[in-house]
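Participant: Both chains are sitting in their own frames, so use the hints and assemble them into the complex.
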Amino acid sequence: QQQVKQSPQSLIVQKGGISIINCAYENTAFDYFPWYQQFPGKGPALLIAIRPDVSEKKEGRFTISFNKSAKQFSLHIMDSQPGDSATYFCAAKGPGRRALTFGSGTRLQVQP
Amino acid sequence: NAGVTQTPKFQVLKTGQSMTLQCAQDMNHEYMSWYRQDPGMGLRLIHYSVGAGITDQGEVPNGYNVSRSTTEDFPLRLLSAAPSQTSVYFCASREGANLDTQYFGPGTRLTVL
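Here the protein sequences line up with chains A and B, keeping their order. For what it's worth, the working numbering labels the leading residue of the first sequence as 193, then goes sequentially. For what it's worth, the working numbering labels the leading residue of the second sequence as 4, then goes sequentially.
Chain B on its own, in the form it takes in the complex (with noise of 0.2 Å):
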C-alpha cells in the first residue's frame, strides 16, 4: 500500500493562476480532507469528504474547490492564487468515523508571489 500520496511536492504560483493539488489513496477509505499547515497555527480543516460524491466546507475553505469522483481520489482545486495561500497543504484519509485510521499524506509545499 502506498498510503495518502500527494502531488506535487513544491510548486510555485504567481497570483492570480490557478493549480489543482492532487491526492489519492489506496486504503479504500471514505473520509478524506484537506488541511492547511500555517507557522503557530497547527493544521486547519478546508474542506472534507465523507464518500464519493459528497463535501463539505471546513474551517477555511474561502479560495478553495474540492470534488470527490472516486473513492481514490480528491483533488484540491486553487482557483485564483493569493499570497495569502502560501502554506503547506496536507491530504488525510481514514475509515468511515475511526479517527484511528487516520493517515496523512506528505505535503504539498504552496508558494504564490
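Excised from the complex, chain A in its bound form (with noise of 0.2 Å):
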C-alpha cells in the first residue's frame, strides 16, 4: 500500500526556471513531512521539512506549500540550478510512527 505519492516520475527544466514536485498521500495522522535530495551514488539527505500547522515554508530557493484538506504537498525549487539536477524524494511520518514513508521519488534535470 503506497501511502505517499509522488510526481511527476522524472522533470527536465530550463535553467532559472522553476521545478515543482507534487506528494499526496492518504493517512491523516501524518504530521512530518520533509524532503531529501540524493545525488547519484550517495546517500539522501534532508533538504526542508515541513509540519501541519503551516501552509508554506521557505528555505532559500526551495520552498513547500502545504495543503491539509487536500492531502497534498509540494517542493518548488526558484531559480533551478543545474547543481539541483538529482532525485528528490517526499516522505512522510505520523505520530508513533519509527520511520517515514517515502515516495518513489523525482529525477530532476535542470539543462543549462
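Just to be clear, a hint being listed does not mean it is correct.
To be verified - With beta-carbon atoms standing in for the labels, derived distance ranges:
1) B:N65 - A:Q264: 31 to 39 Å
2) B:G56 - A:D223: 23 to 31 Å
3) B:Q25 - A:N219: 28 to 36 Å
4) B:V15 - A:K249: 26 to 34 Å
5) A:P274 - B:P64: 26 to 34 Å
6) B:K17 - A:K260: 45 to 53 Å
7) A:F231 - B:N31: 20 to 28 Å
8) B:E33 - A:K260: 24 to 32 Å
9) A:E251 - B:E98: 38 to 46 Å
10) A:A221 - B:E98: 18 to 26 Å
As the list claims (entries may be wrong) - List time: in silico DSBU-like cross-link candidates among lysine-lysine, alpha-carbon distance up to 30 Å:
11) A:K250 - A:K260
12) B:K17 - A:K234
13) A:K249 - A:K197
14) B:K12 - A:K234
Stated by the list, open to error - Sample of chain A residues lacking proximity to chain B, with all beta carbon distances greater than 12 Å (derived):
15) P244
16) E248
17) K260
Don't read these hints as lab results, they were simulated from the structure. Each residue gets a CB set at the ideal place from its N, CA and C atoms; glycine is no exception.
Facilitator: Printed below as a string of C-alpha cells:
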C-alpha cells in the first residue's frame, strides 16, 4: 500500500526556471513531511521539512507548500540550477511511527 | 565526525549465500534504521532500532536480520540471499525522535545472482 504518491517521475527544467514536484498522502495522522535530495552514488540528504500547522515553509530557493485539506504537499525550486539536478523524495511520518514512508522519487534534470 | 558509514560499497553474492552489511555512526544517535531502495519504489524500511538491545521490524523485514549490541553499530544480515534482494541498501541514524537530525549513509549496492 503506497501511502505517499509522488509525481512526476522525471522532470526537465531549464536553468532559471521553477521546478515543482508534488506528493499526496492518505494517512491523515501524518504530522511531518520532509523532502530529501539524493545525488547519484550518495545517500539521501534532508533538504527541507514542514509540519501541518503551517501552509508554507521557505529556505533559500526551496519552498514547501502544504495543503492539509487536499492531503497534498509540494516542493518548489525557484531559479533552478544545473547543480540542483538530483533525485528528490518526499516522505511522511505519523505519530507513533518509528520511521518515514517515502514517495517513489522524482529525477530532476536542470538544463544549462 | 565521519557521520554514518557503510561497508562494503558494492557486493555481489550468489543465491543462497549469507553476508552482513555493516553500518556505524559516530554521532551517539539512538535511532538507527535500514532501508532498501529499488527503482520507482522510493526507500522502504527493513528494520530499525531505538537503542542498544532494541530492534523492530519495518515494512519489508523478510530475509533480513539485525542486532544492536552497541549504540554505534547496526549490522544487517542477509540469511540466504535471493535475487529479489538485489537493491541499494541505506543505513540511517537520528537523534531520538527528531527527524530533522536524520542522516543517511552512502549506501551499499548489492547484486544477487
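Participant: Now look at each hint and say whether the structure bears it out.
Facilitator: Each hint, compared with the structure:
Roughly 32 Å separates the CB atoms of N65 (chain B) and Q264 (chain A), a value that falls within the hinted 31 to 39 Å. Range check, G56 (chain B) to D223 (chain A): Cβ separation about 28 Å, and the 23 to 31 Å hint holds. Distance hint check: the CB atoms of Q25 (chain B) and N219 (chain A) are about 33 Å apart, consistent with the given range 28 to 36 Å. As the Cβ distance of V15 (chain B) to K249 (chain A) is approximately 43 Å, the hint placing it in 26 to 34 Å is violated.
Between P274 (chain A) and P64 (chain B) the beta carbons are some 39 Å apart, a value that contradicts the proposed interval 26 to 34 Å. Taken as a hint, the range 45 to 53 Å holds for the pair K17 (chain B) and K260 (chain A), whose Cβ atoms sit roughly 50 Å apart. Distance hint check for F231 (chain A) and N31 (chain B): the Cβ-Cβ separation is about 27 Å, which falls inside the suggested range of 20 to 28 Å. For E33 (chain B) paired with K260 (chain A), a C-beta distance near 30 Å keeps the hint of 24 to 32 Å intact.
Taking the beta carbon of each, E251 (chain A) and E98 (chain B) are about 20 Å apart, not inside 38 to 46 Å as hinted. Between A221 (chain A) and E98 (chain B) the beta carbon distance is about 23 Å. The supplied range of 18 to 26 Å therefore holds. With a C-alpha separation of about 17 Å, the suggested pairing of K250 (chain A) with K260 (chain A) holds against the 30 Å cut-off. Proximity of K17 (chain B) to K234 (chain A) is assessed by CA-CA distance (about 25 Å); at most 30 Å being required, the pair is judged to hold.
Between the alpha carbons of K249 (chain A) and K197 (chain A) the distance comes to roughly 21 Å, so the proposed pair stays at or under 30 Å and holds. Proposed proximity of K12 (chain B) and K234 (chain A) is supported: the alpha carbons are some 11 Å apart, at most 30 Å. Interface exclusion of P244 (chain A) from chain B stands, the closest Cβ pair being 14 Å apart, more than 12 Å. Listed as outside the interface, E248 (chain A) is consistent with that label: its C-beta sits roughly 18 Å from the nearest C-beta of chain B, beyond the 12 Å cut-off.
Every Cβ of chain B is farther than 12 Å from the Cβ of K260 (chain A); the closest lies at roughly 19 Å, confirming the non-interface assignment.
Checked against the numbered hints given earlier, the structure breaks hints 4, 5, 9 and satisfies all the rest.
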